[in-house]
Amino acid sequence: MTMEVDILELSERSAKFILSNASAAFANGVRRASLSDVPTLAIDDVNIYNNTSVLFDEQLALRLGLIPLTTDIEEFVPVEECTCGGAECPACKVSLTLSAEGPRMVYSGDLVSSDERVQAADQNVPIIDLKEGQKVVLEAIAHMNYGHKHAKWQAGVACGYKNMPIVTFENCDECGACVNECPKNIIHIGPNGAEISGDDILKCILCKLCASVCEIDAVTVSEDEKSFIFTMESDGSYTVQQLIINAGTTIKEKASRLGEILESL
Amino acid sequence: MLPVRCFSCGKVVSNVWEEYKQRVAEGEDPAAVLDDLGVVRYCCRRMILSHVELVDTLAPYQ
Amino acid sequence: MELKIIDKTEDEMHLEIIGENHTLLNMLKSALLDDKRVQIATYDMKHVSISDPILFVKTDGADPIEVVKDAANNIVNDCDEFLGVFKTAIDI
Numbered sequence: 001m002t003m004e005v006d007i008l009e010l011s012e013r014s015a016k017f018i019l020s021n022a023s024a025a026f027a028n029g030v031r032r033a034s035l036s037d038v039p040t041l042a043i044d045d046v047n048i049y050n051n052t053s054v055l056f057d058e059q060l061a062l063r064l065g066l067i068p069l070t071t072d073i074e075e076f077v078p079v080e081e082c083t084c085g086g087a088e089c090p091a092c093k094v095s096l097t098l099s100a101e102g103p104r105m106v107y108s109g110d111l112v113s114s115d116e117r118v119q120a121a122d123q124n125v126p127i128i129d130l131k132e133g134q135k136v137v138l139e140a141i142a143h144m145n146y147g148h149k150h151a152k153w154q155a156g157v158a159c160g161y162k163n164m165p166i167v168t169f170e171n172c173d174e175c176g177a178c179v180n181e182c183p184k185n186i187i188h189i190g191p192n193g194a195e196i197s198g199d200d201i202l203k204c205i206l207c208k209l210c211a212s213v214c215e216i217d218a219v220t221v222s223e224d225e226k227s228f229i230f231t232m233e234s235d236g237s238y239t240v241q242q243l244i245i246n247a248g249t250t251i252k253e254k255a256s257r258l259g260e261i262l263e264s265l
Numbered sequence: 001m002l003p004v005r006c007f008s009c010g011k012v013v014s015n016v017w018e019e020y021k022q023r024v025a026e027g028e029d030p031a032a033v034l035d036d037l038g039v040v041r042y043c044c045r046r047m048i049l050s051h052v053e054l055v056d057t058l059a060p061y062q
Numbered sequence: 001m002e003l004k005i006i007d008k009t010e011d012e013m014h015l016e017i018i019g020e021n022h023t024l025l026n027m028l029k030s031a032l033l034d035d036k037r038v039q040i041a042t043y044d045m046k047h048v049s050i051s052d053p054i055l056f057v058k059t060d061g062a063d064p065i066e067v068v069k070d071a072a073n074n075i076v077n078d079c080d081e082f083l084g085v086f087k088t089a090i091d092i
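Protein chains in written order, with full-length UniProt numbering: chain A, 1 to 265; chain B, 1 to 62; chain C, 1 to 92.
Simulated from the structure, these hints should not be mistaken for lab results.
Watch out, some of these pointers could steer you wrong.
Unchecked claim - Below, simulated DSSO-like cross-link-like pairs (lysine-lysine); rule was C-alpha separation at most 27 Å, straight line: (1) Lys252(A) with Lys16(A); (2) Lys87(C) with Lys58(C); (3) Lys208(A) with Lys226(A); (4) Lys87(C) with Lys252(A); (5) Lys58(C) with Lys46(C); (6) Lys36(C) with Lys252(A); (7) Lys208(A) with Lys16(A); (8) Lys16(A) with Lys21(B); (9) Lys226(A) with Lys16(A); (10) Lys58(C) with Lys162(A); (11) Lys69(C) with Lys36(C); (12) Lys16(A) with Lys87(C); (13) Lys69(C) with Lys252(A); (14) Lys58(C) with Lys149(A); (15) Lys87(C) with Lys203(A); (16) Lys226(A) with Lys36(C).
To be verified - One-sided and incomplete, this derived list gives chain C residues near chain A with beta-carbon spacing under 7 Å: (17) Asn26; (18) Asn73; (19) Cys79; (20) Val85.
As the structure is a prediction and not an experimental result, all values here were calculated from the model.
Backbone N, C-alpha and C fix where the C-beta goes; we use that ideal spot for every residue, glycine too.
Assemble the whole structure, with the sequences as input and the hints as a guide.
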């Protein structure tokens with residue numbers, strides 16, 4: 001059986017789709033890979049030349065690190081995997097500078113990048129509110145790395161899936177108990193008793209309250225073990241389409257590397 | 001300063017703070033503002049709802 | 001990724017896969033269990049962030065290395081299939 005993908009919603013930052021005829025392990029692989037195995041750029045080292053703001057240097061550095069930077073996965077590699085051998089060449093580091101004087105709010109858009117492809121994904125993330133006479137001058141160095149090292153390198157946000165719900169009604173006596181019990185209000189009484197129409201089934205959270213409240217056991221709730229409803233969101237470093245493609249490619253590379261090593265034994 | 005990202009899911013939340021603060025001060029319902037700003041999960045909503053801004057309080061003590 | 005064969009007989013193998021985690025190992029285990037030649041396939045990771053996973057395979061007599069190699073190829077094919085259908089789906 002071949003896999004099928006049915007897109008339900010798609011925007012720049014978030015996607016919802018149904019993946020069918022896939023194994024649970026594969027679905028989980030895609031989810032895990034997009035959260036932790038797709039590398040992104042994030043500020044990692046900060047050289048602070050002047051900081052008279054209310055935040056400590058460390059707090060400032062943490063805030064800078066968490067700002068998502070637009071990344072091109074073809075152009076950058078993590079430092080440990082770079083051909084420069086840890087010397088930090090343009091393929092594994094990007095330097096950004098920030099220089100501001102109060103009174104004003106400093107935003108992520110004020111970071112000046114040395115590489116025009118690498119910019120803050122959101123230009124309006126507040127970094128620090130500078131009061132009269134306060135100053136911040138720093139150089140931030142962004143490195144590529146993986147989500148499992150630190151949450152700042154996590155490209156996917158709230159990525160998850162659930163199995164496709166299957167709810168069947170048999171010999172319904174139209175008592176309406178399940179209609180009132182459903183927390184998502186998706187059950188209604190149709191011509192042949194209770195039913196869930198059209199895409200409403202996607203909203204089902206598999207709570208099984210409808211089955212437990214039915215006195216004549218007319219409702220059965222189960223799940224399709226080969227079909228998954230995915231919700232994916234990107235932090236902005238990639239578009240969500242790129243994120244999912246990168247997740248698939250990452251797993252593929254891991255598996256083919258394993259194949260190659262075993263071949264060479 | 002509001003944390004940049006949601007502690008639980010990692011969504012960037014601090015960029016909605018100023019608009020949220022302004023709109024709530026103008027009398028809008030916080031829940032409606034959060035929905036409108038795309039902060040839909042309860043993990044992200046608590047970041048904003050429970051935030052206490054201390055920058056102005058700390059500013060004089062350098 | 002680095003591999004270390006901890007011990008191997010004709011139909012069993014303990015394989016340490018250094019630098020990998022549940023993402024690959026769970027898929028690998030599932031692909032191995034779909035193979036008729038495999039009797040047992042499982043893996044163990046002592047600690048989520050500091051240990052390397054150890055894969056255990058027991059076959060009906062087939063070379064465990066060949067079996068794991070085929071499973072890795074099946075994952076590659078699955079990924080190609082997923083990337084193919086996903087790219088067609090987003091082009092619409």
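Results for each hint:
1. Lys252(A) with Lys16(A): Measuring from Cα to Cα gives roughly 22 Å; hence the hint holds.
2. Lys87(C) with Lys58(C): violated, 37 Å
3. Lys208(A) with Lys226(A): holds, 20 Å
4. Lys87(C) with Lys252(A): Status holds; Cα separation ~15 Å.
5. Lys58(C) with Lys46(C): It holds: about 20 Å lies between the C-alpha atoms, which stays within 27 Å.
6. Lys36(C) with Lys252(A): Since the Cα atoms of lysine 36(C) and lysine 252(A) sit roughly 23 Å apart, the hinted pair holds (cutoff 27 Å).
7. Lys208(A) with Lys16(A): Since the Cα atoms of lysine 208(A) and lysine 16(A) sit roughly 23 Å apart, the hinted pair holds (cutoff 27 Å).
8. Lys16(A) with Lys21(B): violated, 30 Å
9. Lys226(A) with Lys16(A): Holds, at roughly 17 Å.
10. Lys58(C) with Lys162(A): violated, 32 Å
11. Lys69(C) with Lys36(C): Distance of about 14 Å is within 27 Å: holds.
12. Lys16(A) with Lys87(C): holds, 15 Å
13. Lys69(C) with Lys252(A): holds, 14 Å
14. Lys58(C) with Lys149(A): violated, 33 Å
15. Lys87(C) with Lys203(A): The given pair, whose Cα atoms are some 25 Å apart, holds under the 27 Å limit.
16. Lys226(A) with Lys36(C): This hinted pair holds, its Cα atoms lying about 20 Å apart.
17. Asn26: Check passed: Cβ of asparagine 26(C) comes within 5 Å of chain A, closer than 7 Å.
18. Asn73: holds, 6 Å
19. Cys79: holds, 4 Å
20. Val85: holds, 5 Å
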